[in-house]
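Asks: Going letter by letter, the sequence shown gives residues 76 to 175 in the numbering used here.
Since the hints were made in silico from the structure, they are not lab data. Fair warning: there could be bad hints in the mix.
As the list claims (entries may be wrong) - Simulated crosslink set (DSSO-like; lysine-lysine; CA at most 27 Å straight-line): (1) 144 <-> 161; (2) 163 <-> 95; (3) 112 <-> 161; (4) 161 <-> 122; (5) 88 <-> 144; (6) 163 <-> 79.
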Amino acid sequence: MFDKIKDLYHLKKQASALQKELSETIIEVTSPDDLIKVEMSCDQKVKSIHIDASYLDPSRQENLELQLKNVLASALSQSQQVAANKMKEMGGLEGLMGGM
Numbered sequence: 076m077f078d079k080i081k082d083l084y085h086l087k088k089q090a091s092a093l094q095k096e097l098s099e100t101i102i103e104v105t106s107p108d109d110l111i112k113v114e115m116s117c118d119q120k121v122k123s124i125h126i127d128a129s130y131l132d133p134s135r136q137e138n139l140e141l142q143l144k145n146v147l148a149s150a151l152s153q154s155q156q157v158a159a160n161k162m163k164e165m166g167g168l169e170g171l172m173g174g175m
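Construct the complete structure from the given sequences, taking the supplied hints into account.
Replies: Structure, rendered in structure tokens:
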């Protein structure tokens with residue numbers, strides 16, 4: 076029984092370390108024209124959005140919305156990939172669970 080408790084403690088410790096590492100790993104994605112930049116942590120929290128002033132012209136609203144959607148989707152996808160790779164490095168779920 077104590078082995079299971081030890082395993083659970085180890086699992087919690089590994090999960091906390093992974094969460095901390097993901098929150099500290101930042102992905103930066105820019106639009107193809109470099110006028111929009113998004114920074115997102117790998118725990119998928121948007122840290123910053125920069126939009127060049129030239130995009131704020133009302134005639135460019137549709138393009139701005141499209142580019143922002145694409146940049147956010149790319150940042151999300153990249154952060155998910157980094158998280159998956161870090162989880163693999165730990166041996167996946169089996170590694171986190173210590174072979175339970």
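Asks: Compare the distance between the alpha carbons of residue 112 and residue 161 with 27 Å, and conclude whether the hinted pair is satisfied.
Replies: holds (24 Å)
Asks: Is the Cα-Cα distance between residue 88 and residue 144 27 Å or less?
Replies: Violated: residue 88 and residue 144 sit about 36 Å apart, past 27 Å.
Asks: Is the straight-line distance between the alpha-carbon of residue 161 and that of residue 122 27 Å or less?
Replies: holds (20 Å)
Asks: Does residue 163 pair with residue 95 here, judged by a C-alpha cut-off of 27 Å?
Replies: This hinted pair holds, its Cα atoms lying about 16 Å apart.
Asks: Keeping to a limit of 27 Å between CA atoms, is the pair of residue 163 and residue 79 held or broken?
Replies: holds (23 Å)
Asks: Hinted pair, alpha-carbon criterion (27 Å max): residue 144, residue 161. Please report holds or violated.
Replies: At roughly 26 Å apart (the allowed maximum being 27 Å), residue 161 and residue 144 satisfy the hint.
Violated hints amount to a single one, hint 5; each of the other numbered hints is respected by the structure.
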